[in-house]
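*Asks:* Here full-length UniProt numbering is used: position 976 in the sequence shown is 976, and no number is missing along the way.
It should be emphasised that the hints constitute simulated quantities derived from the structure, not laboratory data.
Heads up, some of the hints might be wrong.
Stated by the list, open to error - Taking lysine-lysine pairs in the PhoX-like style, the calculated list, with each CA pair at most 25 Å apart, reads: (1) LYS518 to LYS355; (2) LYS498 to LYS457; (3) LYS376 to LYS355.
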Amino acid sequence: MKVVECYFPKIYGDKTSDEIKKIHDLLLRMIREYEGKLKAGQTSGNVPPLASAPPSKIPLRPRKIRKLSPDNGTNTTNVTSTSQQVVVPKPDPAKTPNAATPTTTTATKSAKSKSNQQQLALAVPRIIARPLSSDGEVETAIRHLRNADPLLASLIDIHPPPTFDSFLTPFLALTRSILYQQLAFKAGTSIYTRFIALCGSETGVVPETVLALTPQQLRQIGVSGRKASYLHDLARKYQNGILSDTAIVNMDDKSLFTMLTMVNGIGSWSVHMFMIFSLHRPDVLPINDLGVRKGVQLLYNLEELPRPSQMDHLCEKWRPYRSVASWYLWSNYENYDPCFSDQPVVDLYLQVWSKLPTFHSKPAFIWSTDHDQENKLTYGQLNHSVQCISSQLSSLSLQRGDTVVILCPPGLELVEFIFGCQRAGLLSIPVSPPDPSCFDQQNYHHLVRVLSQTKPKAAIAHRDYIARVGEYISSSANNKKFAELLQNLRWISTDDVKGRRVDSNLNPSSNLLYNGCKPDEVYLIQYTSGTTSIPKPVLVTAGSAAHNVRTARRAYDLNPNSVIVSWLPQYHDCGLMFLLLTIVSGATCVLASPSAFVTRPRLWLELITKFKATCTPVPSFTLPLVVKRGGIDKGTSPINLWSLNNLIIINEPIYKKSVEEFVNVFKQFGLNPSSISPSYGLAENCTFVSTAWNSATNFHDIPCHNKLLPSARLASSRHDEDEDMEIVVVNEDTHEPVEDGIEGEIWVSSPSNASGYLGHPFLTREIFQARLGNRISPFFVRTGDRGIVKGEERFLFVTGRCSDVIKLENNQQIHSHYVETAAYNSCAKYLRGGCLAAFKISKTIALVAEIQQQRSEIDKRVLRMVCEKIKRAVLEEERVEIGLVVLVKTGNVPKTTSGKIQRWVAKDRVIRGQMSVVEMKMESSENMLLMSRPMMISNSSASKRKGEGNRREIEEGRRSVMVEQEESFVSFFSPQNRHSLLSLL
């Protein structure tokens, strides 16, 4: 047997304590002596190697010493252990050679050792404390903890007592721990079940069987190469006698911790969990466990999360039953919303929180302006206001299920009416209110779309706003159709609703009288962003919304101590979801308007610093914008980002370079790289889908694919709430899942899936009821996004939109954002970041880019140079050629309300000549004039639908596309159009 002497120095190096070094030296000496005995033929079998050194020299607890026999003896006697019936073999004198027994410091121990000279075994201290699985031990622990800590006693009163009934052998339990590392329960159980089948049964999981499994076999059942090496290292240490089940069961806590952490892949956290839940040790405190630390923070109402070095002092009073205390801390943290982890709708969370004394006066939302003005809304105030709104709306002859439009500006009042409508059982549509004084000049098309598609019964707005709408309706210069839509609405003043007294008969605590939305009822319509097509109304049920925010809460590890800062629009998607997420988490959310951030990006950093925010969601374009315009050195107030646990980055694509630049700039202000949380979501799944965040992973260690960061870890999901979620990448033509490493369309199946599109039955069937291949499978939502899965942890990279893929000749294709990024990087001095749009016109690539406002009057020669530089940079970096470069003035590139580029709108405006062009560079006019007919054919064919569908709907869609593009090309190539191609030749 070969003994590897470098096990211990490689693990601990020069930084270990003197005590651990002594243990290492002693273990190495004993292993050498044991190897010598094996070579001399003095022993056989799996004999523990620690019998050849005096126990008195081991710096362990010097209590009762006993010797354990080899594990493979033939005669056995049963010894009751902490977690199992451990079989301790009796030595066979005929097979076991004589061996000298180590001497001890007392005559009594010497006599005992002489009587056992025929057995060679490991000398370890016996555990004095009874295991928690012993009869009455948990009750004894609870009595002790009640008397020792009155605050902990309050937790014991509201949670059931813990149970400790695991009967796995130590080797099997350690193997299971390695397999489950960083996996959701469902994924871990699946791999563990396949592993047991590979070994034959749980009884077949022994060192010899595990060592016989190759990394390839383990990889086939989902075990990564790194975990395979961990399993083999554990099995080798068992086979070599360094570890054994008998020694582990009888070793004291300190020795056990030292021995197990020498196994590759088993750290302090894993050892603590093993000691508590497998061996049932009574006095284990996992000081590095986030749940225990946050449990202590909640218990003692600490402002900051206690450091691991502080945990021993804070928890000293719980000895010798710190394991049981830890169990209650986990329960307190994981069920900080006691009894409402199963609540079907978000509104019920608000009601429970508001009844707790500590939450009644706790701020739920804080509205902050750029002038240091703050308005607070506590949980108690919000619940009272919501009940008032619900009561009054119900008294205004609005029936359950009626649709209402909320036309409130961003702020606390909008929050109140969103929750008030849900409690009243109404279907609400939050919409940003356009200015009535310039309806005909301002972009009010979204409001027209909402009113015509949803046909609401009423609109809720400020009294002043309603008066201005009335003036517009009575004006002779109005848009007649739009004025008719406004006139048919029943207008409800927010001032009148909030000013009335709450009807005491409508008590939300009464299930009989409470009229709130049921889980299967649609309570919200949120529109898609309009990135790739006209925004569509998505029907969101109360149950799917509650499930979605519960999933996000667990994914981002949010709790009542969390503080969220958000300047995102509150009307849809992520901005709206974080309103719901705040209530479900019991957190506090600091809100600001998007315009305030755009005007002064530093405001975002100041709010994080001032309120010690732990979580903040931002679009991906925010990071380079803040680096460029954040005014780091201009502000008077200091910036401190140390409190951030989650910097959530949304809106794909997420470039690693831009995130890396942000981290490098702001790490001097306390930004933790582990807080970077790339995420993925869409309106069709109630917003949240996944995140690649893991608190134990440094941002710099996250892999990238083609410059992009991942948005999910499919093999190590944190979404325990969403065990029914499934994310797959499929072939767009066959709808079959593709292998890892192949790009395809992302499909999502989850209870968070929305119900469909309002007024679009065909699209609803196509997008929300997709199935994998030709087989029966759960319904999936087709996201329209392309992605690829790579790596052992199966990172999901969202590479772009399916509709934004530019397909060229020779089967070459490229995502639009790569062209845009290469173009911007080549001329960042002249172009506006995030204001470029690349798309295909027939057989060539066109690019529209905004010139910085202060440079709109620069020399024409410079503008031509910029065009040439863009074409050259894209060709060199992406190996594709741009046929048309259009430089336009600021504000010409269309975007969604969430800041995404609307390439399809930009393309249409270029074709129609509706851009304020500053400079244009294109290929020969003959090539451009040949674009029209092929383009119409290719685009019209794109409207064809796969599978069975409404043929009439398809034909109408095809004809409308043909007519619209025919008109577009006439306009585009018309000499009368001053921005058309011909006018610029």
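*Asks:* Would you pick out the hints that fail for this structure and give their numbers low to high?
*Replies:* none
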